[in-house]
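Participant: Here is how the chains run, residue by residue.
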Amino acid sequence: MNLTQLDPKTGEPSAKRYGMIVDLNRCVGCQTCTIACKHTNDTPPGVQWRRVLDVEQGRYPDVERLFLVTGCQHCAEPSCVPVCPTGATRQRADGLVTMDYDLCIGCASCAVACPYQARTIVHEEKGYYEGRTTLQEESTRHADRFGVANKCTFCVERIDTAHAEGLVPGVDPEVTPACAVSCITQAIQFGDFADPQSHVSNLARDNRSFQMHAELGNDPQIKYLYEVPQSTPGRAPDAGDVDDERLSDESNPLVGKRQTFWDYRAAMNFVLGGMASGLMVAAWLAHAAGLLAPQALRLVLVAAGAVMAVGLFFVFLKIGRKARFLYVLLRPHSSWMTRETWCVALIYPALGASLLWPAAAPLALVALGAAGFLYCQARILHASKGIPAWRAPLVPAMLGASGLYEGLGLLAVLGLFEATRVVSVAALAPAGLLLGVLNLVLWRRYLTTAKARGIGPLARRDLAAVTPWLHGLGHAVPLLLYALCLSGAAAAPLLAALAGLATAAGGALWKFVLITRACHQQGFALPMVPQRGSGKRAAPERYALG
Amino acid sequence: MGAADKSIPIKGERKMVPLYCNQCVCGPDLFKVEVRDGVALRMTPNHDLEGIHPAGGRVCVKAYGLVQKTYNPNRITTPLKRTNPKKGKEHDPGFVPISWDEALDIVAGKLKDIQARGLRDEEGYPRLAATFGGGGTPTRYMGTFPAFLSAWGVMDQGYGSGQGAKCFHSEHLYGEFWHRAFTVVVDSLNCDYVINFGSNHEASGGVSGVWRQADARVRGLKRVQVEPHLSVTGALSGEWVPIKPKTDAAFLYALIHRIVLERNWQEVCDVQFLKETTNSPYLVGPHGYFMRDNASGKPLIWDSADGKAKPYDDMIGDAAMEGAYTVSGYEQGPDDERWVHTDAQVRPSFELMREHLREYTPEWAAGVCDVPVETIRRVADEFVAHAKIGATIEIDGKILPHRPVGVMLGKGVNNGWGGYQAMWGRTMLACLVGALEVPGGTMGTKVRLNRPADNRLKSAKHGEDGFMAYPFNSTRKDEWQSKPHIRNAYKMLVPLAANSPWSAALGPAHLPWLFQHKAPKPWPRQTLPEMWICYRTNPAISSWNAPEVAKRIAEFPFTLAFGYTQDESNWMADVILPEATDLESWQMSRIGGTGSAEQFWHHQGWALRQPAVKPAGDCMDMSDIATELARRTGLLQKYNDAINRGAAAMALRGEGYDFSLDPQVAHDSKTIWNAVAKAASFETSGGTEVHDLDWFSEKGFMIRPFSQLEWYLYPRMKEEGLRFELPYQERIKRHGEQLGRRMHEGGMQWWDEQLKEYEPLPGYLAFPDIWENYATELGRDPKDFPLWALTARSMQYAWGANVGLPLIREVAQNVAGHDGVIINRATAKKLGIADGDPIVLESASGTTRGRATLREGIRPDTVLLIGQFDHWATPVAKDFGVGSLNSLTDLALSLTDATGSGADIMRVSVKKAAA
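Each protein sequence line maps, in turn, to chains A and B.
Position 186 of the first sequence, counted from 1, bears residue number 186 in our numbering, the numbering being contiguous throughout.
Position 623 of the second sequence, counted from 1, bears residue number 1169 in our numbering, the numbering being contiguous throughout.
Hints listed in this document are in silico derivations from the structure and should not be mistaken for laboratory results.
What you are looking at is a predicted structure, and each value in this text was computed from that prediction instead of being measured.
Built from N, CA and C at the ideal position, the CB exists for glycine as well.
Incorrect hints may have been included.
[Claimed, not checked] Quick look at which bits of chain B chain A covers, simulated, 3 or more residues with Cβ under 8 Å:
{"#": "1", "stretch": "606-613"}
{"#": "2", "stretch": "919-930"}
[Stated by the list, open to error] Below, a sample of chain A positions facing chain B; criterion: calculated Cβ distance under 7 Å:
{"#": "3", "residue": "25"}
{"#": "4", "residue": "34"}
{"#": "5", "residue": "35"}
{"#": "6", "residue": "59"}
{"#": "7", "residue": "61"}
{"#": "8", "residue": "184"}
{"#": "9", "residue": "228"}
{"#": "10", "residue": "232"}
{"#": "11", "residue": "251"}
{"#": "12", "residue": "534"}
{"#": "13", "residue": "539"}
{"#": "14", "residue": "541"}
[As the list claims (entries may be wrong)] Partner residues aside, some chain A positions facing chain B, computed with beta carbon under 10 Å:
{"#": "15", "residue": "29"}
{"#": "16", "residue": "58"}
{"#": "17", "residue": "195"}
All chains should be modelled from the sequences, with the hints used to inform the complete structure.
Facilitator: So this is what it looks like as structure tokens:
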């Protein structure tokens, strides 16, 4: 738990660390906080920055039900901040994770990086009554909030007036978040964890609490109280609460659903960008090994550049604020998306230069940019901490290995053509075999460690479903064909090209599945719950208070 | 963060306008609305009341719907007139806008016609009838309309909807009878252990109830929730006991059995309380009436110290609670019958109670309730262990008994058959440990049937036999109301309903709907009211067998509805008048003191509701509508007199003050409420301050201290030397016998089942069988309806008339059951139903459709339909498709108990519907 009084960014002493205490013993799930938040922050239909889940665990007749307050946790180590390519999301010295709607391009990197499902993006402005805007809606509309990421701000406008008015957030209701001061059970308490005398600090010290998904290292600043020793002691969940059957139940509000922020358009960039950058690298390596003439290399790079451009265009279609797309370049010191874009900014000028200037350097720069691009892509997905299947440690290696494997394959395909002829296709085959085996091993390992890495059964089911196809198309077929190439068959170029096609298809397949199917959000967890319910879950018998 | 602010309009004046919310019966609570440029934008709690209001000046989720309610584009904003003379669900009413002048003339014309011909028709029924929404909440919005009704005179308020019957019916009647408790709660501020039978308090207890329960939980209160489904309240309880529906009385009886027959009752009970503050030692004669002293007529107690019987209020050394004694005296039976005894065998009522309970063992109850026997025994033992017999607590300088245990009953438990038994069991449990009306225990909140209405404690007056007086409707031959004076005939059929302004609503308020279609024989012909007024209620949705009630409404010749949007009841209206709603009109209301649920304040006073924004369209302030109707019907002077008397709020003239209105003049709403403001501030300040409406508009409320001692009835009982009328129900028995004679004298045998309920010690009947067998009455096979259907309170919707607000819909859907019918997962699996599947529910009398919501927290033999939906005319709500229990229940005499109430329960089948 990070209760340091140092600003985690600057190392400077910070006077404040705002956060919340949520008492599971108090919350009745009444939705008053949710609706008060909607009022205070004018959120559009369907958007709930403060959401309270109605959770049920166990099996009749041993059942419990509880209400879980969720929302932005204003993490001390927020995973949404470094991934933001524009700096629209930042963390203040007092711990608040903020949004600048004017900077945000709506890329949704933050949304998939958040393990607490705190962020929303609404693209189209709609009111509560179809086709009819009410006077209230007209007077509270925020055109700047569409197409960009939104989330709980801890009612920052209130907090920021505190100093001027001589008031204390968490003490004076006017400068305390609306959810906390509207709560009819006092379940939500707001305050300064850096002040050891604050109410929230006292509650945290005097009661047993947990942070949700503490193991992910975000150090969230909502602490959940779960125990009233006199009445209902806390207890860890039963095995049945977290087994695969329970976590496969889509009506269980704790279970993460498929993210919808990144759809096929985002997947297209990973598919096309991955194979194109892999092709650039593979072609340059082949050239370096003397297998590809400089002019052929140029043509291959141009073809790869075209493929990559198509992928990038799909991403462009996906972002919420297209006119601002250049803001994506603003955060090279933390955002892999920014860095990916800078790689693009290197690749295309270098490619242009290589066409005008017949020297080795531009070609090498293209390859360097492509390698960077591929690496950045791998890191982008891995940094999406809100999606267990993406953040798994093997994902960067898988994307990198697959990119090279596909690139090599596409090189073999292009090798069929005169202008881009590869000197010896057979010479590519060992690399193909090596990369094929590597990809196969990585996938197997990814699957077998998936559960341990926190990938839920729903996502695992999607991964398992694609596996036979991937093994067949992406692994077995190319490996067989590459092996045949080695045997010196006359049809080696054709075989290698077929292997290459299969490789690219396999790569496209698993990336599409990973990004649009096995993309379930983290969901919510209850490491401890108040002991109450029916049958075996009931509070212990008691014959006196205390 | 500046970006976030850019599009918020900052031009113009920003005001925070204080108002009250009384959408539910647990109010009023207070809030502020932010208004900018004349547009209401956002709601906030009223933090000025932090430390004053029991819930810190906060309001619940429903209040936050009021801004959207104000600007709902589906609102009716001009008076409407029906053009299609045919009425019914299938007939488009063809409403056309008309002017206020025309609308008021039509209505006033009808009223004047009635005045000219007499307020009662040829059968003696009032020609004018009116139905208002539940719990008296509409009166906090109808301005001076009550003064108009008062000026009018006779009318029929006995047609139920939310108000009447579909309520905590047995609790209202027996609660007031036994301890001046129209509604009953537990003193959670001082309570440690609660057994709660199905009261969904965390959804229905108002902000104060929810707030105090949360504090109590964290302090250590343990609650055991006994109910068929795991409600929001069950979720927050230490233990959920899934009991079979309608068997709660069996559980309660077994608890008492455990305490008085298996445990040593002299050790675990508050013996002194039982002896001195109940009728436990009263001796009961051979005919089941109290043995009375021949000289004084007072019931006798056996004094073991002196070895003789003495009048109950004599000096008694040791009142006998057990044994049999030989005593001379007399029993006073029904209709002046008297049995004089010499040396008759008599026994204390406590002894009879123990005898009565002997068969209700925990083992028996375990079978009836489908609950483990050890749970029943343990809960009884936990209950007595937490009762702390002998403990005291200081309240505002006075030492009172402290009994931190209580019992709560939900609506479905205490209305309809079994309600009397459950009420008796719960109140008796409190008596056993001396936990009735003392700190920490079970206590009442307010009175509706006794007087004075605004002081519960003072309503405890001396009556007969050492008990509080109670205004029974007489069943004596010479005094009995032998013909219905209004269509629900509460004076005739329900002695306990008393005869206060509330009694019409607390009679058998669903019977007029039933009798209009099919009256029992013999029964006077039930005429239709010539004009029916419908205000802030929707009986075509909120009644048992709502589709049937809609048909009855369609038969009314003239309906005046005050309408907010189109709904299922005003679909049948002839004229709809659009009122200025919650944020648009003037009214003052009392706050504080003690009120429904846990509105226990340390203050009391007045609060204001004011036009924070201009009324939408042509909507008119209800007070102005009332004044106009009074003027056009020639009732202006009577109406103003009624206002001056206090019919709308409080008397405008009294000792030391006179703010009364000129009775000859039509006053506008603001003028009227300005006078009320002055009177209210005079009263609140004890005559030292007078404030006008402008002052209240700014401040929002005015209060003065209210002692916590005013919460508890016990001190008053002791001061007055009164006893609680438990366990033995001599008066109930006598009324039952007399009522039976009266009915039979009139040839009416159709109330005989109800008459059986008038037992001095209520016995357990197989209550579930009543509903299981009901199908047979309609020629259906009970086996075709294998499941129980129940309902539960939705905090988000209840009483709010807010089903047309998509904002409420959005947040309500976060709570399970708001999007479908809750069904046990294993049961659903057996029926081939998956989560979200469309399903159809059928009962012997109706059907409803919804989507399946699969949950574990419900008995496999039970399904749950939250709230009351199945709308077909109300915009937004008509597209919900969630089903309603009201489409499955029926109006039937066999489902009506002796207090005149049915219950929210039905036997149903569930099938997967075609998508």
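Participant: Determine for every hint whether it applies to the structure shown.
Facilitator: Status of each hint after checking the structure:
1. With a threshold of 8 Å between beta carbons, the proposed coverage of the stretch 606-613 of chain B by chain A holds, since 5 of its residues qualify and at least three are required.
2. Judged by the Cβ-Cβ criterion of 8 Å, the stretch 919-930 of chain B is covered by chain A as claimed, because 3 of its residues qualify and three suffice.
3. The restraint placing residue 25 of chain A at the interface with chain B holds, with a minimum CB-CB distance near 6 Å, inside the 7 Å limit.
4. Among the interface hints, the one on residue 34 of chain A holds; its C-beta lies about 5 Å from the nearest C-beta in chain B, closer than the 7 Å criterion.
5. Proximity of residue 35 of chain A to chain B holds as hinted, the smallest CB-CB distance being about 4 Å (cut-off 7 Å).
6. Restraint check, residue 59 of chain A versus chain B: the minimum CB separation of about 6 Å is within 7 Å; hint holds.
7. At about 6 Å, the closest approach between the beta carbon of residue 61 of chain A and any beta carbon in chain B falls short of 7 Å, and the interface hint on this residue holds.
8. With a cut of 7 Å, the hint placing residue 184 of chain A at the interface with chain B holds, because the nearest CB-to-CB distance is about 5 Å.
9. Given hint, residue 228 of chain A at the interface with chain B, holds; its Cβ is 5 Å from that chain's nearest Cβ, closer than 7 Å.
10. The closest approach between the C-beta of residue 232 of chain A and any C-beta of chain B is roughly 5 Å, which is under the 7 Å cut-off, so the hint is satisfied.
11. For the restraint placing residue 251 of chain A at the interface with chain B, the shortest Cβ-Cβ distance is roughly 5 Å, inside the 7 Å limit, so the hint holds.
12. Given the 7 Å rule on beta carbons, the hint for residue 534 of chain A holds: about 4 Å separates it from the nearest Cβ of chain B.
13. Residue-level restraint check for residue 539 of chain A holds (minimum Cβ-Cβ distance to chain B is 3 Å; threshold 7 Å).
14. Interface hint at residue 541 of chain A: satisfied, since its Cβ lies 6 Å from the closest Cβ of chain B, which is below the 7 Å cut-off.
15. Interface restraint check: residue 29 of chain A against chain B, minimum CB-CB distance 6 Å, threshold 10 Å, status holds.
16. The criterion of a C-beta within 10 Å of any C-beta in chain B is met by residue 58 of chain A, whose closest approach is roughly 6 Å, and the hint holds.
17. Evaluation of the residue 195 of chain A hint against chain B yields a violated restraint, the C-beta minimum of about 21 Å exceeding 10 Å.
Checked against the numbered hints above, the structure violates only hint 17.
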